[in-house]
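Chemist: Chain by chain, the residues:
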Amino acid sequence: MRAAARRGASVAPSSGPSKSELLKGTLDMLILQTLTLQPQHGYAIAQHIEKLSDDVLSVEQGSLYPALERLQNKGWVTSKWGESPTGRKARYYTITASGRRQLGKEISSFDRMLVAIQAVMKRA
Amino acid sequence: MSLLDGVRHQLRALFGARRYARELDAEMQFHLSLDAMQREHAARGALSAADARFAARRRFGNLTAITERTRAMAGLAAIDALVQDARFALRTFRRAPAFTAVAVLTLAIGIGANTAIFSAVDALLIRPLPFPHPEQLMKVGLIVPARNGNPPRTDMVWSYPKFTAFRDAQHLFSDVALYTDDQSTITGDGEAERVRTEIVGARYLPALGISPALGRNFLPEEDQHPEAPRVVILSDGFWQRRYNADPQVLGKVLDIGGKPYTIVGVLPRGFQGLSGHAELLISMMSLPADVLNEAWNHSYTLVARLAPKVTVAQAKADVPRLGAIVDRAFPSPEGSADHWGASASELDASRVDPMVRRSLLVLLAAVALVLLIACANVANLFLVRASGRRREIAVRLAVGAGRGRLVRQLLTESVILSLLGGLAGLLVAWWGVHLLTTFDPSQALRVQTLSVIGAVGFANIHLDGQALAFASCLAIATGLLFGLVPALQSTQSSLTGALKEEAGGHDGARRVVSSRNVLAIVEIALAVVLLAGSGLMLRSLGKLLRVNPGFDPENTLTMRFSTPESYGTDSLPGFFDAVLERTAALPGATGSALIDCPPLNGRCNGSVMVFRDQPAPVPGTEPEVGVHWVTPSWMPLMKVPLVRGRYFTRDDREGVRKVVLVNEAAARKFWPGADPIGRPVSVGQGGFWKDTAYVVGVVGDVRFESLDSAATPDVYLSYYQSPRSRMMLMLRSAGDVRALAAPARRLVHEMLPLSPVYEVRTMRERAADAMRYARFSTVILALFGGVALALATMGTYGVISFGVAQRTREIGIRVALGAQRGELLRMIVRQGLLLSLIGSAIGLVAALAATRVLRSLLFEVVPSDPLTFAAILALLALAVLAASWIPARRAATIHPSDALREG
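Top line first, the protein sequences correspond to chains A and B.
Numbering-wise, the numbering used here puts 157 at position 55 of the first sequence, and it's gapless, one number per residue.
Numbering-wise, the numbering used here puts 642 at position 626 of the second sequence, and it's gapless, one number per residue.
Okay, chain A solo, but in the shape it has when bound (with noise of 0.2 Å):
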């Protein structure tokens, strides 16, 4: 994830560990918060992401498949194909309660985080 910028850049495949890498915990959380409203797709999710945080917070589209990926590897979240509003065959992913657990785990890590982070900048 990269704050502003827009530009899709093409990743070499044995790439370093780069952003995605770092934040990889973090687009775990916001997409398993965004799964907590309702079932949605891919797309869906990645609007939603990008709305919410005012564009501040826009994901590189296509790292959201290796990361659902992943949280399905995990049982965090189930996928089913049905059909979107405009009737076409879409894939959609529901939070499980498992998932709903590893959510609040990883929300208060990151308050954790938050808040020594501020504390080390106060002290500056």
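In case anyone wonders, no lab produced these hints; they're calculated from the structure.
A portion of the hints provided could be inaccurate.
[As the list claims (entries may be wrong)] According to the in silico footprint, chain A covers these stretches of chain B (three or more CB under 8 Å from chain A):
#1 133-143
#2 249-263
[As the list claims (entries may be wrong)] Computed list of chain B residues with no C-beta within reach of chain A, every gap over 12 Å:
#3 THR196
#4 GLY274
#5 ARG660
#6 ALA726
[As the list claims (entries may be wrong)] Pair ranges (Cβ atoms, derived):
#7 A/ARG203 with B/GLY404: 53 to 59 Å
#8 A/PRO187 with B/LEU27: 30 to 36 Å
#9 B/GLY481 with A/GLU185: 48 to 54 Å
Idealized CB from N, CA, C, for every residue including glycine.
Keeping the supplied structure of chain A fixed, place chain B upon it in accordance with the hints.
Modeler: This is chain B only, laid out in the frame that chain A set:
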């Protein structure tokens, strides 16, 4: 719950790869089209559909990369890579048929031979006994204390009275039973037939967990005392053969040994008693009362099943106490200080003779060494191949493939080759197993010493699921083993060096050559170890074959028969005269004789001997001797040398003073330095106990047990002074004695119409059988040694040959500078001999250590026998010399201009 969902998702991706790819693609296209629509809509006509789509694509990111990353998350990336590598590997193998063929063949031999030997080891040593809960089955033996220089025994068999004392006192076992193997004559409808039987107690079948397929087991009432009605259970094979699988067979009467037995049951197919070849199970109560109730008639093996909740350790700890109870109930005669005991062991522990177990393990180790040599050979082949692909690998590394990825690719190649070799190896294994089962050494007469439990045997070896699993695992492990070094080696190359057009590739070649040299040295060392082992075994076999058995086995026919009970002891001598006269009169026969138990039989009668001119020894400490009954013609017929005194004559008959002959071993042991002729003795069998007999002659030692056991004291009684109903006829002829088999058989059958004539074989065949197992294991080991030598020679040839090819430029320059052919030849051959020297040195040290395990299997050969070692080192040096010769000649004919042009 969530874990299950997650696992289910992963599995669905793995098993429905195509569907997964389709769905992912559809999903991302959906995303893109929605985004495009939304942009178009937002731009309100300022953006064309195509531009909108383009913008959506840009926003999305690299579609291919993201697809790959998603697939990687699903775990499909690894499988994709594997499939890709496998396809590539198969393509490259197809393009290099010679290399593939040689490698696959080498691996097939290694993996196939290992699978075959593993099947044998599995059937004979590992597979659980074919009974329900075999871990609960135990064998209890009596402990006989040491006496008379004989070591103590812990596996002594039981007598019936001692067994009942044990049975009544024990609480450890849910079932205890006795059994022994025997032979009986069947008369009645059909020909008189001699069959192998087992005499068993009523709890025998329940203890083993076997129920009759038809009818019932013996009832408790039938197991109480000898007056019980005689009952018998048939084996499935006997029932098929003799009664045509008639379901009405129960209740019929079978004549066994002249007495009527009622058939009460038929065994299930595949079970023939613990001895493995019983056609009938006869109730123990059919034995005469005096034989059964004799407390010192030890003839029966005790088998028991643990009660539930009792462990093996508990049983082993408590059985000695029960042994003491039995000993108190039946103390040694006349209060000698001897105390007998009892000990229990798992039935599985006595499944094969320890010597057989050891030799099988040696074969397993040997065949593993063969596989290692094969691996080294194939690794060498791979190194050659890899050196030809250095550019390809360098390019891949330069383009960005990780080293791990490349190593994985190369390992995939080697594992696939190895699996192909394993597949071909199954053919080799099938053939090997076929060989093992048809050769079946247990067909030999000495069944007892091969497999103590007949249910386990060579006939049971087959390629089953376990063998297949073994072959596959071995193939994969082999592939990883021989692929690892070349894979690591070839991905190490420096990029610049490989990418440049190198003529001759000097630096790389030197480095690669040394690891190939190491492989060649390893091969030679392993070959030395194998050759040492097989050389020693061959030498041992040679010595065994040259042992003087003490008689002349040429052109001698043997056959067994017995006179019926109706012949009284008084009429037997007349019968002996008649049979000997008439058989000796057959055309072509030069003489005949009778003996009770032939030489090289493994086990003959034995008893004790007392010397009547010395004070009586303490009972239980009398010396043991082998006892043999012969007619007077036997010794001269079999050319047993007379050392002192005289042979038996026809005048040594009933009513005259009893005489015995002794062998040299007995004379040396009992009358050292004195003359045994005329000494008074008594022997514990044949009616020679109460009366005194006199030694009238000393004859040469005859090997009655086996060729590799030392001669033991034997005493001979004359059939005329101690008539017996069982005998073996030995008939000698001038020419091929097999021609006499049918006429002799007919003649005896005429004289004894109701008795079967059986075991008609030549003495040579018996002698060969006695050594069948020794020959079998030696031949197989020698075969492995030969294969190892061939592989090592091929490997050395490959290394030297490749070295010459690598050094073509250098050699060309040398020739241009004036080197002679001879010099070049010597240079290359010296290289080969250097490899052989280092390999042999290492191999020698390893072999000296390794062959120590063969000590118990060798006959009169020490494991460090210098002659053998010298011979195999010379053989190996010659082989390497030959292997170096051809490349050397090629090197010597290199023309300098060719060499220089080749760059």
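Chemist: Far enough from chain A: is every CB of that chain over 12 Å from the CB of B/GLY274?
Modeler: Its Cβ never comes within 12 Å of chain A, the nearest being 80 Å, so this holds.
Chemist: In terms of beta carbon proximity below 8 Å, does the region 133-143 of chain B have 3 or more residues touching chain A?
Modeler: violated (count 0)
Chemist: Taking the beta carbons of A/ARG203 and B/GLY404, is their distance inside 53 to 59 Å?
Modeler: holds, 57 Å
Chemist: Beyond 12 Å from every chain A Cβ: check whether that's true for B/ALA726.
Modeler: Per Cβ check, B/ALA726 is outside 12 Å of chain A; nearest 73 Å; holds.
Chemist: Would you check chain A against the region 249-263 of chain B, counting CB to CB pairs closer than 8 Å, and say if three or more residues qualify?
Modeler: Three-residue rule not met by the region 249-263 of chain B, so violated; n is 0.
Chemist: If we take the beta carbon of B/ARG660, is the closest beta carbon in chain A still more than 12 Å away?
Modeler: holds, 94 Å
Chemist: State, for the Cβ atoms of A/PRO187 and B/LEU27, whether the hinted interval 30 to 36 Å holds or is violated.
Modeler: holds, 32 Å
Chemist: Please check whether the beta-carbon of B/THR196 is more than 12 Å away from every beta-carbon in chain A.
Modeler: holds, 65 Å
Chemist: Is 48 to 54 Å respected by the C-beta to C-beta distance linking B/GLY481 and A/GLU185?
Modeler: holds, 49 Å
Of the numbered hints stated above, those contradicted by the structure are hints 1, 2, listed in ascending order.
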